[in-house]
Each structure stands twice: as C-alpha cells, then as structure tokens.
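Trainee: Residues per chain are reported as follows:
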Amino acid sequence: MKPKVAVFDFTGCEGCELNKLNFEDELLALLEHIDIVEWREAMDDKSDHYTIAIVEGSISTPDCVERIHDIRNRSEILIALGACAVQGGMNAMKNQYPLEQVREEVYGCHKDLFPTLPALPLSRYVRVDYEVRGCPMTKNEFLKILTSILMGKKPIKPTHAVCVECKLNENECVYDKGMVCLGPITRGGCDSLCTNFGQYCTGCRGLVDEPDVEAMLAILNRHGLSIVEAKKRLELFNYENQAL
Amino acid sequence: MKQIFPLTFMTHNDIPHWISHLQKIENVIAPHKNGINSFSFGKVSDPKCVILNYDRTLSSIKKYFLPPKETLFSFSTDGKETTSSKVEPINAIFLGVHNYDLEAVFRLDHNFLSGHAESQYLTRRQGALFIGVSYTPDEWHFSNSVLKDGEPNHSGGFDLFLHEIEDGYLLETLTESGQNLMKGFPLPEFDGDIPKQQSFNAHIDGGFEKVTDVFSRAWDSPVWESYAEKCVGCGTCNLVCPTCFCFNVEDEVDLDLKTGNRIRTQDGCMLRSFSEVAGGEIFRNQKAARMRHRLYRKFKYISQETGESWCVGCGRCSAYCTAGISIVDIVNDLIHDSNREIGA
Ligand code: SF4
Ligand code: SF4
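Listed in order, the protein sequences are those of chains C and G. Mapping of the first sequence onto the numbering used here: position 200 corresponds to residue 200, and the numbering continues sequentially without gaps. Numbers in the numbering used here are just positions in the second sequence, counted from 1, shifted up by 1000.
Think of the hints as simulated: they come from the structure by calculation, not from any bench. Possibly wrong hints are sitting among the right ones.
[What the hints assert, rightly or not] Which chain C residues stay away from chain G? Per the calculated CB distances, all over 10 Å, these:
id : residue
1  : ASN22
2  : ARG40
3  : GLN101
4  : VAL102
5  : GLU105
6  : PRO115
7  : ARG124
8  : ARG127
9  : PRO184
10 : VAL208
11 : ASP209
12 : MET216
13 : SER226
14 : ASN241
[Stated by the list, open to error] To give an idea of the chain C side of the interface with chain G (calculated C-beta under 8 Å), a few residues:
id : residue
15 : MET1
16 : THR61
17 : LEU143
18 : ILE156
19 : ILE185
[Unchecked claim] Pair by pair, the computed Cβ-Cβ distance ranges are:
id : chain 1 : residue 1 : chain 2 : residue 2 : range
20 : C       : ASN73     : G       : GLY1079   : 31 to 39 Å
21 : C       : ILE77     : G       : THR1265   : 24 to 32 Å
22 : C       : MET151    : G       : LYS1033   : 29 to 37 Å
23 : G       : GLU1081   : C       : ASN140    : 18 to 26 Å
24 : C       : GLY15     : G       : GLN1286   : 35 to 43 Å
Think of the CB as a built atom: it goes at the ideal place given N, C-alpha and C, for glycine as much as any other residue.
Use the sequences and the hints to build the structure in full.
Mentor: Written out as structure tokens, the structure reads:
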C-alpha cells in the first residue's frame, strides 16, 4: 500500500502550499509513490490516519493547538513546511507586543470573538520529524526529504550557512555590493537563491545550529546598522529563536 | 637570467586580436567582470570583455579541475548498476592567471597525485596551458611572504607571461607550447629588461621560515580564541581558498526512486558540520579549534612533508571574510605572541 500523505495549514499565507501546487511535473511523479488523502486546498477527501502529515503555518490560536495535537496523534511522520511552521515565521513578530494589543489592532471591537496565542513553531507543541525551511518553502528540500522518507533513509539536514552556497555559485558577496546580508548565519539549502539574483539574504530559512549571534551583530554593525537595527533584521524570521 | 626566447611587445589594442588568435587554437578561459567590484574566470566569448588588470577572482582556476559540485556516478537504487560520469581533459588556454593561482594548482597536483591518485581531478587537469599576467598587490596579497618565488612578475611554470608596462605588455615566452601559441601572431621584439617587481603591502613578519618555526609551538596560543570570537563560522575562507580541496559526498535519488546520483560538493573545515561523525558527535566544535586546524593545514601539516607553504598568499580568505579577519594578522599575532613567550 502506498503511504498516505495529508497536507494541513495553520497560521500563514498558504504560500508554501501554493508553491507546492506549482511543481506539477514533480508532483505527478511523486503520486506514483504516495496517496494524497487530505488537502484542503486541493481536494475534499478526509482520512483518519496518515503516514506523512505535511503541516504549514504557525500555531497561534487555541483551536490550532487542539488541531495540531490531533494531527500528530494520527500521523506517523510529521513534516513542518515553511518558515511559519518551522520557526514561527513572520507571524512570530507579533509576540513582542501584548496579546491584547495585537487583538485590538487586528479585530477591533470584534476582538472577543477571536482568541489568540503567541505565534509559535509547531515544535513548541508537538514532535516534528523533518523540516522544510524557507519562505516560501524550498522546493528541492521538500523533494529531497520526501524521496528520502520513501526510500526509508534519514534526510540530510543542511547545517551550513547560505555563504557556502553563495561561494559555490561564485556570487559576488552582497557586502561587496554595499548591502547587508544575513547569509553568514542563515541556514543554507536554498542554493543561495536570492543572492544568485542580486538580492540580499533576509534569513527566511532560519539560523544555523549554534549560531554566533554576537559575531553576526558585529558584522552588521561594521556595515552600518546600529545594534538595534541589526537585531530587528535578525528577528524578522527568527523571533522565536532562543539564540537571539 | 638569460632569455631563451626573445621578449616581445604587445600594445593594449593588440590584446583582443591576440585573444581571437588564441581562440582559433583552443578554448580560452580568462578573467571577466562579475558583479560590481569582483572578477571571475570564465570561457571567453567576446575577447573585449576579458580583463587582465584585476586584483583577484572570486574563485581560482581550481574550479575547472575540481568543480564546486559534480556528479561522481549515477546508480540504480537496486544496487545493480552504476555509471561513472564522463570526465574530459580541460584542453584550454588559461589566460591572465596570477602567479599564486598557478602555484596553488601545483599544490593541488601534489595533493591529488599523492596516496590514492584522484582520477577525476587528474583527467580534467590535462591539456591546460597557462598564460600568466603580472599584478599590482593590493592590501591583501602577501605571496612573497609564503612562496619562494612569490613576486607578482614571477613567470616560472607558465607557458607565456604578460608583464604589464605603461603602454602595453611585454610578452615572455617560457616553453615550446607557449612559443607554438604565438605562431601566426608576430610581435615586435623588445630590447630591454623585464620591469621591476611591484612591492607588497601585506607581509608576514619573518616570512615563511618564521611561520614554520612558530607553527611548531602555536597550538595553545591564545591568539586562536581572540580571532575565533569575531568569526561567524560561515566557511567563506575555505571555499574561496585555491588550495582547499575537501569535499562532502551525498546521494540524491530521483523522483522515480529507481535511479540517483552520487554528488560531490566542496566542503570546508571551518564549518561546524565538517567534523560531525556518525552518532552526531562534532569533534571540532569550537571555532578556535577549527580556525587553528585551517591554518595548520596551510602552514604545517602538508608543509612539513613538502617544505612548501600550502597558503599561496592570494589574500582571498582575508578579502572575502565576512567578519573582516585577515590571515596575515592571525599569523603575525601568533608570531608576536610566541616572541613574547620566548622573551619572557
Ligand atoms: S589561506 Fe587564504 S591567503 Fe592563503 S591561499 Fe588560501 S585563501 Fe589564499
Ligand atoms: S570567512 Fe571569516 S567569518 Fe567566515 S568562517 Fe572564515 S574566518 Fe570565520
């Protein structure tokens, strides 16, 4: 029997899922090996048990908490998909304000109808087996993880910084173009997509393991950002990272 | 030194015509502009885009013999079939190479020839002709501190060498292959001497002799930690180094799950994961230990066998370090630190 795969979304822009619908050729090839049993964005079917649950978005309401526990209980393998699911994403920036204030701002006089919680990565509530990082999620990483699981192998998690891929691609360093870049401390695996196209790295894939935040702040500072500005830059996708 | 072949003279205007002439013989690989302030070696399509007056290229010509990423072989996942990737000799003329980058190629030749000879590198390495060019050292170059013949106008090992002078280049012919490249492109002879070498701005105090001495007792120096503090561990210094050759190997399985490729990618000892072994243990987890290892690889481990520096003084790791760390500063601090100790 083919593994049963389900796709779920929580708090996020659903860009990761849509991104996934954008690679039809690869999806068709994958469908040879899996059965997609649940996917709100693409189909109506439901199932009770999943071999692989692919979960997008952060956890930000009491309802989310209940649902994610339920999904975890019914899944053998859980994959967090995209920056919101893995790191809390941009949503987590709301966590720096009092929750009441955030509710008021967004829902105004209807705020009582919408209970809210700090936006957190899935891993703060349930065990996450694998991570597909990026905003939107990195397609190649997604395919590599899925093929590894289907082969019964442990996927290799990239641990190097974006700088490595930037050098392998022989890009001119963003700093030498007069911009600042979060590549030195951001987890690679994206094949330095943004810097390949002349952009700087915003850090969407989160920080490397054991990041040296002090050294990174010093680099940003040396290139003209105040320490406060530098911290803000790092927080964009890493607000919930304990290293910051 | 007595010239075997006469020196000739080429104007700036001659250069594109000459490159076109070379292209008729073989592919020409030369420096081009890359981005706003940087340069890269690439195959020449328009000779006018070649830049001979450059400080350094992001990657060295190493990338043609040891690609940053390559498929070693393809396989079927049932284990029954493997197909080696086709590797061909480079057969190209490398134009506009700085002295230190050719020295680095000779270092790699040694690495890939000794022990278990590495056929992919050695195959690609065949059919390469080298045309050097002199350069003006910037704040980062320090080749004469580490190489026996590190002067920017040192032409040894090249087939042809261009010495920049005010209104053009002096062309020095060094080998018969070099002479053959000039057949059909006559140039006027130059009656005079090769211009004097340009001086360096960065120096290792005491040169390579002192380095060898200091690296025999630099292991416990506090200098490592003082630089590691600033280092963010990005690995840039490894990846841009013309003599770094470490790699990682990974299997990528195709979506049909039936076939796949074994991929080799350049790796670096400054990366935390580099020393990760089965079970998740990272045996060189401190940045100071990693930095020490990188420099010991450049100045001691291989050097004590060969008598030569494995750092060629190109200055890439300093110029491109995201944290602004200079290898010359590290080595000079090690020297001063050890002098202090001896003095005490
Ligand atoms: S160690 Fe640094 S200066 Fe020496 S060859 Fe490597 S990149 Fe160049
Ligand atoms: S380039 Fe600089 S910051 Fe990056 S690993 Fe090397 S020494 Fe550290």
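Trainee: Taking C-beta pairs only, is C/ARG124 more than 10 Å away from all of chain G?
Mentor: 22 Å, holds
Trainee: Does the nearest C-beta of chain G fall within a distance shorter than 8 Å of the C-beta of C/MET1?
Mentor: 16 Å, violated
Trainee: Test the statement that C/ARG127 is away from the interface with chain G: the closest C-beta pair must be farther apart than 10 Å.
Mentor: Holds: least Cβ distance 17 Å, greater than 10 Å.
Trainee: Holds or violated: C/LEU143 as interface residue toward chain G, Cβ cutoff 8 Å?
Mentor: This hint holds: C/LEU143 lies near chain G, its Cβ roughly 7 Å from the closest one there, short of 8 Å.
Trainee: Is it correct that the beta-carbon of C/VAL208 has no partner in chain G closer than or equal to 10 Å?
Mentor: 7 Å, violated
Trainee: Beyond 10 Å on every Cβ pair: is that true for C/GLU105 relative to chain G?
Mentor: 36 Å, holds
Trainee: If you check the beta carbons of C/GLY15 and G/GLN1286, does the distance land in 35 to 43 Å?
Mentor: With Cβ atoms ~39 Å apart, the hint holds.
Trainee: Beyond 10 Å from chain G, beta-carbon-wise, is C/GLN101?
Mentor: 35 Å, holds
Trainee: Was the hint right that C/ILE185 lines chain G, CB cutoff 8 Å?
Mentor: C/ILE185 check passes; min Cβ-Cβ to chain G is 6 Å, inside 8 Å.
Trainee: Does C/PRO184 clear chain G by more than 10 Å, comparing its Cβ with all Cβ atoms of that chain?
Mentor: Since the minimum Cβ distance to chain G is about 4 Å, C/PRO184 lies within 10 Å and the statement is violated.
Trainee: Close enough to count: is the Cβ of C/ILE156 nearer than 8 Å to one in chain G?
Mentor: 6 Å, holds
Trainee: Checking the smallest CB distance to chain G, is C/SER226 really beyond 10 Å?
Mentor: 18 Å, holds
In this structure, the hints that do not hold are numbers 9, 10, 11, 12, 15, 16 and 22, in rising order.
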